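There are 2 protein chains.
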Amino acid sequence: MKIETGTRKFTKPLYLESGRILEPYEIAYTTYGKLNSDKSNVIVVTHALTGSHEPVKSENSRFFNSGWWDALIGDGKAIDTEKYFVIVTNVLGSIFGSTSPISPITRGSSTLYRYKFPVITVRDIVRAQHIFFQTFGIRRVKAIVGGSMGGMQGLQFGIDFPNFAEKIIAISATGATQPWTIAFNKVTAEAIKRDPDFKNGNYDIEEIKKSGLNGLAIGRMAGHISYLSHSSMQKKFGRDYLRGDGKFDINGRYQVESYLQYNGDKFSKNFDPLSYLYLSKAVNMFNLSSGYDSMEEAYSRLKSELLLLSFSGDMMFQSKESEIVAENFRKVRKGELVKHIEIDSDYGHDAFLVEFDKFEHYIKNEL
Amino acid sequence: MKIETGTRKFTKPLYLESGRILEPYEIAYTTYGKLNSDKSNVIVVTHALTGSHEPVKSENSRFFNSGWWDALIGDGKAIDTEKYFVIVTNVLGSIFGSTSPISPITRGSSTLYRYKFPVITVRDIVRAQHIFFQTFGIRRVKAIVGGSMGGMQGLQFGIDFPNFAEKIIAISATGATQPWTIAFNKVTAEAIKRDPDFKNGNYDIEEIKKSGLNGLAIGRMAGHISYLSHSSMQKKFGRDYLRGDGKFDINGRYQVESYLQYNGDKFSKNFDPLSYLYLSKAVNMFNLSSGYDSMEEAYSRLKSELLLLSFSGDMMFQSKESEIVAENFRKVRKGELVKHIEIDSDYGHDAFLVEFDKFEHYIKNEL
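Chains A and B are the protein sequences, given in the same order.
Read left to right, the first sequence gives residues 1 to 367 (the working numbering).
Read left to right, the second sequence gives residues 1 to 367 (the working numbering).
Looking at chain A on its own, in the form it has when it is part of the complex:
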């Protein structure tokens, strides 16, 4: 499988939903497979909040989270790189190569955006990608496939650029983020902002890469709760206590505590607190209808075939939220384009990154 990676620079202004302008900006990307001559074999894969444009691990992988969809993308896999040219971009606001809050305000400057970075929305993320694909001469793709915030991007493409994708597969997504998820993001946001080392956004970036930021680690621990479920935690950890920790030591730990602590700390050294604030704000603000006069106006724009996959035990974006998306499309007589499949799973939100055997065939069948 041929893998290429790069960054494209854009000097034309990007007009954001907020009314602000981002200019210049960059989009980092990876491609897998070969683009055919008439450019008709493109699949766009979109990543989740803390994902990257390296869903497949290779010898040149650079990120802590590279390989998040190894199971799905490759020669002969559900997203078959023998047939398709797969493009994944790093979303605007994320730190793996695209323009983010820790990018220089003007090229070559040592002044970083930090809190001067504009609030961006999923619509902005999608608009930037759409412009990016045009530079490849790609005006229509076979499919867009993504989970969580990746699924939101697929849905937003379907509404904002109805002629862009033949098919959209939106996994573990929602049509509008609900307060349960906003609440988890709030815990992380407050943990970040109240950490003295965050210094109101003026933190020492190199220092944080080395030692992590406690606020981000704490927030990620809360995040992990929202990615799992009561029952998957029970299966994974039970009431097991950490070997070596004293039973009656106030700081002694259960296995689940050790898991949260390890992953929280690891994450906080590999992600960025401002980027987290901006991307979780984008998730909070996500509402497919927003910017249109009504739900009807927004949802009736769809022209792509849409497959919604959801997991019954997802606490973050509940399965019924996908059903509501499907219902809304039915209300505006787009029902024949839309299928929703609920997959039985008690794993929780992270099922789309874990339980591949439960859903890869649905993707394979579509492509």
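No wet-lab data here; the hints were simulated from the structure.
Some hints could be false.
Because identical chains share one entry, a pair is satisfied inside a single copy or across any pair of copies.
[Unchecked claim] With a Cα cut of at most 25 Å, we get these calculated DSS-like pairs of lysine-lysine: (1) K83 to K247; (2) K193 to K116; (3) K193 to K247; (4) K193 to K266; (5) K247 to K116; (6) K320 to K331; (7) K34 to K142; (8) K199 to K210; (9) K266 to K209; (10) K199 to K116; (11) K320 to K269.
Fair warning: this is a prediction, and the values are worked out from it, not measured in the lab.
Starting from the known structure of chain A, fit chain B onto it as the hints suggest.
Leaving out everything else, chain B in the frame of chain A:
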């Protein structure tokens, strides 16, 4: 309704489950109603982790959380103070008058326990109460009623002191704390311990009463998620945005964010971080079987009638956990003593502090 409040001091050592000794110690309490001459009309009400021994609000109420069961306790109410003498103690480790991590190590000393406080368990909390009741000459009570950690205390009384209570009503409880709850407590514990103002337990107590501790506030925000549910949050807050906050302001807030922030900050000025660490450790360690050779040995000790009430939407101590408690009692042929009623509710764990009309009649019927 007659209300009395006081503190009893104990100089005999309390032998803790850890093997350590607490000596001396104090238990603060409130009583409602009148003790009859043969002391046969006593009902013990037990409080939850951040509760107090003031379930009824009065002109002399002292605590931010006073009045948490106003709806249930009083003349003519489900727990009828015209008939019963109701006693509520402040649990060991809590800061409302009983001995806690911020009590002096020896009476009159200015040195506080802080991290020198021993780890205590629900069993220890119950043992201290049992001794306390003896000083009143009370060796048997009509009933023990409590929710969450209060329900755990009822269950523990039933196993450790089988002759003490005629009836036990344990609401929104569990037989053994599951990792989902331990995980939420972990977020709070890490937020507290990583807060520089916590100073490894040597924080300035007066300063924290005034300004709160960020770590405790952040932890409480996470806690509030576990007390509610996806659906109650949706009903309470929807996607409403805070009037006055800018839509495209990175720090602009949804209503649910404002709710969490307000309650987190309020709580952090009214509770104590070390006490929270110790009491949540007691919750984490709770397992009715522990200290006995087997589940069978523990559960077969029950002699009281037991009513388990649970709420279908409780995410913290799920309804099925109460059913497992009931099943365990059935396995050891105690089934005829035990009833479990699941109450239909999508409110979440806090239902036992909110949805009184859904369960007060069950309590009234028992008493």
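Cross-check of the supplied hints:
1. Taking the shortest alpha-carbon separations for K83 and K247, neither the intra-copy value of 56 Å nor the inter-copy value of 43 Å comes in at or below 25 Å.
2. For the identical chains of this complex, K193 and K116 are intra-copy neighbours only, at 15 Å inside a copy versus 31 Å across copies, given an alpha-carbon limit of 25 Å.
3. Only between protomers do K193 and K247 lie at most 25 Å apart by alpha-carbon distance; the minimum there is 19 Å, versus 34 Å within a single protomer.
4. Proximity of K193 and K266 under a CA criterion of 25 Å is satisfied in both settings, with 19 Å inside one chain copy and 18 Å between copies.
5. In this assembly of identical chains, K247 and K116 lie within 25 Å of each other by CA distance solely across copies; the values are 16 Å between and 48 Å within a copy.
6. When the C-alpha separation of K320 and K331 is checked against a cutoff of 25 Å, the pair qualifies only within one copy, where the shortest distance is 16 Å, while the shortest distance between copies is 37 Å.
7. Taking the shortest alpha-carbon separations for K34 and K142, only the intra-copy value of 14 Å comes in at or below 25 Å, while the best inter-copy value is 78 Å.
8. Proximity of K199 and K210 under a CA criterion of 25 Å is satisfied in both settings, with 17 Å inside one chain copy and 23 Å between copies.
9. In this assembly of identical chains, K266 and K209 lie within 25 Å of each other by CA distance solely inside one copy; the values are 10 Å within and 33 Å between copies.
10. In this assembly of identical chains, the alpha carbons of K199 and K116 lie at most 25 Å apart only when taken from the same copy (15 Å versus 33 Å across copies).
11. Proximity of K320 and K269 under a CA criterion of 25 Å is satisfied in neither setting, with 35 Å inside one chain copy and 38 Å between copies.
Comparing the model with each earlier hint shows violations of hints 1, 11; every other hint is respected.
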